[in-house]
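Undergrad: Given the coordinates of chain Z, work out where chains W, U and D should sit on it, guided by the hints.
There are 4 protein chains.
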Amino acid sequence: MLVVMKAHATEEQVRLVCEKIEKLGYRPHAMPGATRTAIGITGNSGVFEHGTLEEMPGVQEVIKVSKPYKLVSRDLKEDNTIIRFTATEATIGGQGLAVVAGPCAIESRDQAFAVAGRVVRAGAQFFRGGAYKPRTSPYSFQGLGEEALQIMAEIRQRYGIKIITEAIDNESLDLVEEYADMIQIGARNMQNFSLLKRAGRSKKPVLLKRGMSATLEEFLMAAEYILSEGNYNVALCERGVRTFADHTRNTLDLSVVPAVQRLSHLPILVDPSHGTGKRNKVTPLSRAAVAVGADGLMVEVHNKPDEAMSDGPQSLFPDQFDELMGQVRQIAAVVGRTVPGIGVKNSFAMI
Amino acid sequence: MLVVMKAHATEEQVRLVCEKIEKLGYRPHAMPGATRTAIGITGNSGVFEHGTLEEMPGVQEVIKVSKPYKLVSRDLKEDNTIIRFTATEATIGGQGLAVVAGPCAIESRDQAFAVAGRVVRAGAQFFRGGAYKPRTSPYSFQGLGEEALQIMAEIRQRYGIKIITEAIDNESLDLVEEYADMIQIGARNMQNFSLLKRAGRSKKPVLLKRGMSATLEEFLMAAEYILSEGNYNVALCERGVRTFADHTRNTLDLSVVPAVQRLSHLPILVDPSHGTGKRNKVTPLSRAAVAVGADGLMVEVHNKPDEAMSDGPQSLFPDQFDELMGQVRQIAAVVGRTVPGIGVKNSFAMI
Amino acid sequence: MLVVMKAHATEEQVRLVCEKIEKLGYRPHAMPGATRTAIGITGNSGVFEHGTLEEMPGVQEVIKVSKPYKLVSRDLKEDNTIIRFTATEATIGGQGLAVVAGPCAIESRDQAFAVAGRVVRAGAQFFRGGAYKPRTSPYSFQGLGEEALQIMAEIRQRYGIKIITEAIDNESLDLVEEYADMIQIGARNMQNFSLLKRAGRSKKPVLLKRGMSATLEEFLMAAEYILSEGNYNVALCERGVRTFADHTRNTLDLSVVPAVQRLSHLPILVDPSHGTGKRNKVTPLSRAAVAVGADGLMVEVHNKPDEAMSDGPQSLFPDQFDELMGQVRQIAAVVGRTVPGIGVKNSFAMI
Amino acid sequence: MLVVMKAHATEEQVRLVCEKIEKLGYRPHAMPGATRTAIGITGNSGVFEHGTLEEMPGVQEVIKVSKPYKLVSRDLKEDNTIIRFTATEATIGGQGLAVVAGPCAIESRDQAFAVAGRVVRAGAQFFRGGAYKPRTSPYSFQGLGEEALQIMAEIRQRYGIKIITEAIDNESLDLVEEYADMIQIGARNMQNFSLLKRAGRSKKPVLLKRGMSATLEEFLMAAEYILSEGNYNVALCERGVRTFADHTRNTLDLSVVPAVQRLSHLPILVDPSHGTGKRNKVTPLSRAAVAVGADGLMVEVHNKPDEAMSDGPQSLFPDQFDELMGQVRQIAAVVGRTVPGIGVKNSFAMI
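Chains as they are written, first to last, in the working numbering: chain Z, 2 to 352; chain W, 2 to 352; chain U, 2 to 352; chain D, 2 to 352.
Watch out, some of these pointers could steer you wrong.
A few chain U residues facing chain D, derived, Cβ under 10 Å [said to hold, decoys possible]:
| hint | residue |
| --- | --- |
| 1 | Ser67 |
| 2 | Tyr70 |
| 3 | Ser138 |
| 4 | Asn171 |
| 5 | Glu172 |
| 6 | Gln192 |
| 7 | Asn193 |
| 8 | Gly201 |
| 9 | Ser203 |
| 10 | Lys205 |
| 11 | Met213 |
| 12 | Glu225 |
| 13 | Glu230 |
Label pairs and their calculated CB-CB ranges [claimed, not checked]:
| hint | chain 1 | residue 1 | chain 2 | residue 2 | range |
| --- | --- | --- | --- | --- | --- |
| 14 | D | Leu25 | W | Arg75 | 43 to 53 Å |
| 15 | U | Asp247 | Z | Gly337 | 36 to 46 Å |
| 16 | Z | Arg202 | W | Ala115 | 31 to 41 Å |
| 17 | Z | Ala115 | W | Asp175 | 36 to 46 Å |
Under the rule of at most 25 Å between Cα atoms (straight-line distance), these lysine-lysine pairs were calculated in the DSS-like manner [what the hints assert, rightly or not]:
| hint | chain 1 | residue 1 | chain 2 | residue 2 |
| --- | --- | --- | --- | --- |
| 18 | U | Lys68 | D | Lys279 |
| 19 | W | Lys198 | Z | Lys198 |
| 20 | W | Lys65 | Z | Lys279 |
| 21 | W | Lys65 | W | Lys24 |
FYI, nobody ran anything at the bench for these hints, they're computed from the structure. A virtual CB, placed ideally from N, CA and C, is assigned to each residue, including glycine.
Pulled out of the complex, with its shape left as it was, chain Z reads as follows (with noise of 0.2 Å):
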């Protein structure tokens, strides 16, 4: 259910709406437009007597929403979700193209270090690096866990670049929220909605890339879990899918991008370094991406490729991200993006 406020309620009377929904037992959501204010009603009943809300003062109409994702869709909220970050410019869902660049696992302070201060130059707002990392192999490096976190803490001190990394638990999860500026919900447990639900009971804003066999449906299902608890700032994110093709390490399916940003408000980022497995392949792809209208990019950068302890072979050289920036700054252009970067000199006062 959705209640549609009048273009001129106030804001007294969207909090008696969300107040009288909360008496009727269910959850409101309260979205404000550019125009009017959408108030999302969830909650496991099926059936909702709705005639006592469409008599209250400011509304315009209650309607049923029959698509499976209800906060999600652009049926609740027409405009893009922006999601903003403190003490910076740097946006996702913006004019802005947002690029998060970083190692696949945070290996030590110096790699770390190398690696941002060279993303930072190049343009990148956001930072990756994994602290957990989810391994096929128990056998496998299992990341440093809160050292990585405390390292990127101290890059985001030094460079003024937004912290992203992947919460694997609940354990996890309470850590990366207090270091990080946003949590990345990974491919693997994109389907973990206890994990997904306590995302959602978090204030930081969250990264959620597709499962490898996630339908478009069940990508959005995914994220509807996040916003049913409270937490409105969802960032999805294509990193390729499974399929039989075997000349890259996933298809990177480009589609999805045009798709989600006709059913959804959230924005969507690519992730071309998973999404081909090839360092060769990493930087068309990104000019595609951006070409067909992503709202970031998130790309694995490695000062020593050849010795990472993972994902290697799909991590650009320093140089490599460099090129690639200068190519889709044009490409951006083109679709009416920007690349902000974070105030580049200020950051190389500083070192």
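TA: Just chains W, U and D now, with coordinates in the frame of chain Z:
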């Protein structure tokens, strides 16, 4: 690494080798076989000085395991793993075919008992029923939780049937471990490594379902996570994979059964209910699963499928399950299997 | 459109209705059933004035077929299609299980006879052997062509076994039609509609293999092409589909067997050799195919698999095929099927 | 095998080497490059005595090509293949982006001219239109055949635009070869090897579409079939592959573009119309295709998509195609490409 003990090595010699391995900073996994004991060695470091082990009394040889999976491999343990349960002759992986049946979700005491009575009578030795349901939508029925576990514990007491139910996070696993006889890890959590590790520290056996786009190697590696924590009682379960084919909900990949049995000592069941998603396909695919050599079946049965809160279209009516069991018994006989049941007569005496 | 004749309609009445349909510019397809005859009407135009037909003697009703496939549908013909061959009791689609066996390609007279002798003795009623091979590489062995057809004709004469072999274009179809008992259309040509139409104008039955990414509907529509040209003796064959799974060459989709049988009257065989691509999987999947209800098997057997010019790794040794037949016979008995053979003793008398 | 000639080898020396190769029973394929000529050697036999060739005048070295594809490989020809057409500056594989546009099927003279006029004006240099349509159903519109070819020949005469249309068997190929400028082999026939060989014996260039579940290697091998018969003017076309994803008709695999360009000298186009099956996705994916580096686009445009006899939902309105071209031109400029057009003003003078 794998230490092969001599055929007549004593338990004391095995113990001393395990102690030595621990002193070297690794974890020993002693796997007694029909003719010899093998000791798997796990740990994150790549280099291992095995000279000292080879000289110890009772040791025949120390060999490198080149496959990514170690403990689940037949290289380590030639004989099939047989999972045994207290106070029942039913096993998983033995000569008897393990039949797991019950509703998708426990919806009420009445429903659960109605189904349980019928599946026991038909010859199932294991009762399945969801207490915690991983649902695509946050607004769908999520299971009765601990109440469902209590109902299933009563069912065990009444019928002597063993209980298998899914855990979806550490919290639910704590409870499932307490109430049930076997912990199920669902397809969506097959690479929830944090949950796998937790299951590996449990004393209860684990049923691990294949992820919907998991390769054979990923499937075995997920099991390896559980074994690497010390829990060697793991059964696998094929439940269909995701493909382009749209005449069934998933594509049941029966070839994975002989493929697993060739590489691993772990038993493997087949779930034709999720594997096809259609009631009219469950019985033929059950026959096929037994014919291909599966160690058991996992089948959804509901007393009123049309009113089921989840997975109704793939749930059998109890009469259909009776028929399925009749057909399966005949196929089982051809492949040298029995379908033991659980002493049904006594159970009926108790009603 | 479908004209259902009355139960006691005369042949003359059926003939007159067919004539009328032709006069209206359409094509009639009379399909006699156990209790009634139905006449399918095909043609490209969408509008059809059926009032006149309904008034004709012997006509019960004229109904619209809403499915895209008409002639292959059970709506048109309730009874199973049974394909019969001259001078043999072997059928495809009848109570007996049809077993097709032989080498991937006919490589020489000696090889072909060596394999044929063994598969006849083991109980196969149909001999397969490629004369025209669709190979991925233009530089691979492309088959012996007409010479291979002549060798197979000799084999038929010697053993009484029926010959099935693939045609890859109109030219080879002309020759296959002349020499063989059944024309195979391979997976790569499942949507070579020009070839399907040509096969539809042949008097010989057709074995149509599923394309490697064909949906059920596409599979049935490919068969519809053949029937629409007047050839109603078509058997389908599942041979594995292409998925992400890499432990077998293809993923054998056994659920398509009951799915086809529900929608269509056409028989369906299973090819576990291409379906798995691995010798050690052929026998278990053959058991499963018979258990699921397939009308027959198509199995590659070679006297010297390691020297085979194509598909060696998936070809059985003759001894393995003997064992397969032993196991298959037992499963067949459980599902109410026999494995007739072709009067082997007489054949041996002729040697 | 591959004979690399010296940089300054004469044409006569090349001719003599080719003659020698023929005498040895093989087929030579001379491929002149910017700095040297290479001669590919094909033939079915595995053993080849190359000593004699190495001693011939002008020969630098004879090397073994280990990849399964030989003539399509960059090992044989380093420079990009550029397909040229008479009386037009438009090329495929050159610096200019090749834009192919037109209706799925030629339905009438009026429809064809209406669309052609618009796509010429918008800048397309190639006109597509189906004369022979491979349709899933035998009852669907199968194309106007030769009449359509005649209409397209008139369109070429009127507008100077080059004609590309599909052949579906040897008979239609004879006619397409006569009327059109480039022969299209469709996705369903990508492994119709008989048709590929026939196309390989044509003097007209060939556009080969990727099969819906073709791996990169199979795609290149299909092209190899054409080249091995002596026709080196082949362009490839990605048109989406079949996966589980259901938000688009197929999953457009843009990563195959840089993958092909790395391994092969053949140009590759992208068809976002079939690749997505949805009108609203065609323009974003066209931008992405150009950004990723494709050598051209193949786009379905119809004057009245809602009345189209096939593929209406994926056909652009002419105004949408104008807009697409505007956007594509800008992206093309970023990746160093032009979109030449065909001298539109003259064309208009002729109207």
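Undergrad: All hints are to be evaluated individually against the structure, with a verdict given for each.
TA: Quick rundown of the hints versus the structure:
1. Ser67: Hint violated; Ser67(U) Cβ to chain D Cβ min 13 Å, cut 10 Å.
2. Tyr70: Result: holds, 8 Å to nearest chain D Cβ.
3. Ser138: holds (6 Å)
4. Asn171: holds (7 Å)
5. Glu172: holds (8 Å)
6. Gln192: holds (4 Å)
7. Asn193: Since chain D brings a Cβ to about 5 Å from Asn193(U), closer than 10 Å, the hint holds.
8. Gly201: holds (9 Å)
9. Ser203: violated (16 Å)
10. Lys205: violated (19 Å)
11. Met213: At about 5 Å, which falls below the 10 Å cut-off, the nearest Cβ of chain D leaves the hint on Met213(U) intact, so it holds.
12. Glu225: Glu225(U) check passes; min Cβ-Cβ to chain D is 6 Å, inside 10 Å.
13. Glu230: holds (8 Å)
14. Leu25(D) x Arg75(W): 43 to 53 Å: Hint holds: Cβ distance 51 Å, inside 43 to 53 Å.
15. Asp247(U) x Gly337(Z): 36 to 46 Å: holds (42 Å)
16. Arg202(Z) x Ala115(W): 31 to 41 Å: Cβ of Arg202(Z) to Cβ of Ala115(W): about 37 Å, so the range 31 to 41 Å holds.
17. Ala115(Z) x Asp175(W): 36 to 46 Å: For Asp175(W) against Ala115(Z), whose Cβ atoms are near 42 Å apart, the range 36 to 46 Å holds.
18. Lys68(U) x Lys279(D): Distance ~24 Å between Lys68(U) and Lys279(D) Cα, so the pair holds.
19. Lys198(W) x Lys198(Z): holds (21 Å)
20. Lys65(W) x Lys279(Z): violated (30 Å)
21. Lys65(W) x Lys24(W): It holds: about 19 Å lies between the C-alpha atoms, which stays within 25 Å.
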